[in-house]
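A.B. asks: Each chain is listed here by its residues.
There are 4 protein chains.
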Amino acid sequence: MNPEVRPAPRFAWPVRVYYEDTDTGGVVYYANYLKFFERARTEWLRSFGLNQDKLAREEGLIFVVRRALLDFVRPARLDDLLEITVEPLKLAHVYVDLAQEARCGAQVVARVQIRVACLAQRSFKPVPLPQSLRESITT
Amino acid sequence: MNPEVRPAPRFAWPVRVYYEDTDTGGVVYYANYLKFFERARTEWLRSFGLNQDKLAREEGLIFVVRRALLDFVRPARLDDLLEITVEPLKLAHVYVDLAQEARCGAQVVARVQIRVACLAQRSFKPVPLPQSLRESITT
Amino acid sequence: MNPEVRPAPRFAWPVRVYYEDTDTGGVVYYANYLKFFERARTEWLRSFGLNQDKLAREEGLIFVVRRALLDFVRPARLDDLLEITVEPLKLAHVYVDLAQEARCGAQVVARVQIRVACLAQRSFKPVPLPQSLRESITT
Amino acid sequence: MNPEVRPAPRFAWPVRVYYEDTDTGGVVYYANYLKFFERARTEWLRSFGLNQDKLAREEGLIFVVRRALLDFVRPARLDDLLEITVEPLKLAHVYVDLAQEARCGAQVVARVQIRVACLAQRSFKPVPLPQSLRESITT
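Protein chains in written order, with my numbering: chain A, 1 to 139; chain B, 1 to 139; chain C, 1 to 139; chain D, 1 to 139.
Mixed in with the good hints there might be a few duds.
To be verified - Reference listing, derived: stretches of chain C covered by chain B, where coverage requires no fewer than 3 residues with Cβ under 8 Å from a Cβ of chain B:
hint, region
1, 27 to 35
2, 64 to 76
What the hints assert, rightly or not - SDA-like cross-link-like pairs, simulated, lysine to any residue; straight-line CA separation at most 25 Å:
hint, chain 1, residue 1, chain 2, residue 2
3, A, K125, D, V108
4, C, K125, B, C104
5, C, K54, D, R74
6, D, K54, C, Q107
7, C, K54, A, K35
8, A, K35, A, P130
9, A, K54, B, L81
Don't read these hints as lab results, they were simulated from the structure. Here the structure is a predicted model, which means the values were calculated and not measured. Cβ coordinates follow ideal geometry from the N, Cα and C atoms, glycine included.
With the rest of the complex left out, here is chain A (with noise of 0.2 Å):
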């Protein structure tokens, strides 16, 4: 991990399984959890302060997932009550690699680590990451 980043408690936002995130073999479908990851995210930077529609609106700015390796470690179904966690790994100039799990009560469902970029809206090219963002990760 990365010494800039601090220690602080990870973010933790609940999701429920709906008929819509499941498939007919009976378990969570497996491109919803990039959803239910993203959720977690969103809320996690409007945790902060930081609004993605605002931010791409007022300064032209979104994040993009460059790369994610995803562990699907057991089946999640219908009426699941998922906590969804978002811990920082590495703040770069440009992006920041976060590790986030989807637990159901002790038991990790799945996980993933991902590369969040920054970019222009416009010419999809890399810009450093948001102020606010960089403060409310490292101490």
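We have chain A; now place chains B, C and D onto it with these hints.
C.D. replies: The following block gives chains B, C and D in isolation, referenced to the frame of chain A:
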């Protein structure tokens, strides 16, 4: 409105609009309102003790939408916080008709009139609605 | 049916059911029919030279669904090969009404009557339908 | 690459980008690449006679993704026609590793390295891959 249906306060459930819900037109993709409406129905059922996963496993019953009349009134956008309502309109032996709205603040974004039938999971044949549902929406 | 609408052969588009389309009830999730219906409408527009991406970029026009009356007739399942039809019902100045069906072999699985309006992308105000669409569906 | 894997021509499957696949950033939503990759895997299995619905019903076997390393290289947009490839990398007793790419013309849009395991549907325990899959991807 069917006389046996109690003029209960409308049930409402909050839904936040995330990237997954939007399309390149900059608004919520039209099919996703059916997901929002189902989330609210699921929580409305849960509010009087009906858990759909349990109902399927223990009693072999599922709820299936037979018919939906959807109106898309105005667009919703990223980060909007919608309120999804559920209101029973008519209670029949094997189905219930519901009115639902998606609101953003004071404005209606979309609405639906929907018929939900109760089926035996194996045969997909209509069966009477569970008594607890019947009691919960009638006086 | 509106007299100016030509009794053209119905347009049909094949859609295979994948895991992503199903739910834990073992059938196609109800909201996903709206995706199937839109794929067929997009290919129907493309069949007479209308590309929606180009229409938005070059003329600032988008098509938006205003109203949909959906009937879910029987379940479709994993690996089913559906045929989605498009049939114009009524051509107005700023919208067109269509009938669409999802069929699996000879059986109707779902059907919709749908009103698609043409809007200016910026203002979301109704504008006349493109001339090429008008010509393509009238004699 | 595992020596027993035959240098077969890569399997490719076309995927058109529709409104349902995009988000308000104007590009394909990141989770949807996992849907595209699965459609191509399903058709790749079908190309040598493996029907997943039949496999589940007749032999109680399902394929489950255990791990995926995703790279999002450049954005794809509405109406793009993507080509999704499948290439076996390693064949083990109870899983297969695959490389997949999403290409738009000559350009790679996204790629994944993915581990697909074969499980007994009831127990979710690993079982040997079906013989027909084994034969199809080895010399």
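A.B. asks: Taken at face value, is the distance from the CA of L81 (chain B) to the CA of K54 (chain A) at most 25 Å?
C.D. replies: holds (14 Å)
A.B. asks: Are K35 (chain A) and P130 (chain A) close enough, with their CA atoms no more than 25 Å apart?
C.D. replies: holds (23 Å)
A.B. asks: Run the distance test for K125 (chain C) versus C104 (chain B): straight-line Cα separation, threshold 25 Å.
C.D. replies: holds (20 Å)
A.B. asks: Are K54 (chain C) and K35 (chain A) close enough, with their CA atoms no more than 25 Å apart?
C.D. replies: violated (29 Å)
A.B. asks: Would you mind confirming whether the straight-line C-alpha gap from K54 (chain C) to R74 (chain D) stays at or under 25 Å?
C.D. replies: holds (20 Å)
A.B. asks: Assess, step by step, whether the Cα of K125 (chain A) is no farther than 25 Å from the Cα of V108 (chain D), and give holds or violated.
C.D. replies: Holds - the C-alpha atoms of V108 (chain D) and K125 (chain A) are around 17 Å apart, at most 25 Å.
A.B. asks: Just to be careful, I want the Cα atoms of K54 (chain D) and Q107 (chain C) compared with a cutoff of 25 Å; is the pair within it?
C.D. replies: Answer holds: K54 (chain D) to Q107 (chain C) is near 21 Å, not above 25 Å.
A.B. asks: So is the region 27 to 35 of chain C in contact with chain B by the C-beta rule, three or more residues under 8 Å, or is the coverage claim wrong?
C.D. replies: holds (count 5)
A.B. asks: Quick one: see if chain B covers the region 64 to 76 of chain C, three-plus residues with Cβ-Cβ under 8 Å.
C.D. replies: holds (count 11)
Hint 7 from the earlier list is the only one contradicted by this structure; the remaining hints agree with it.
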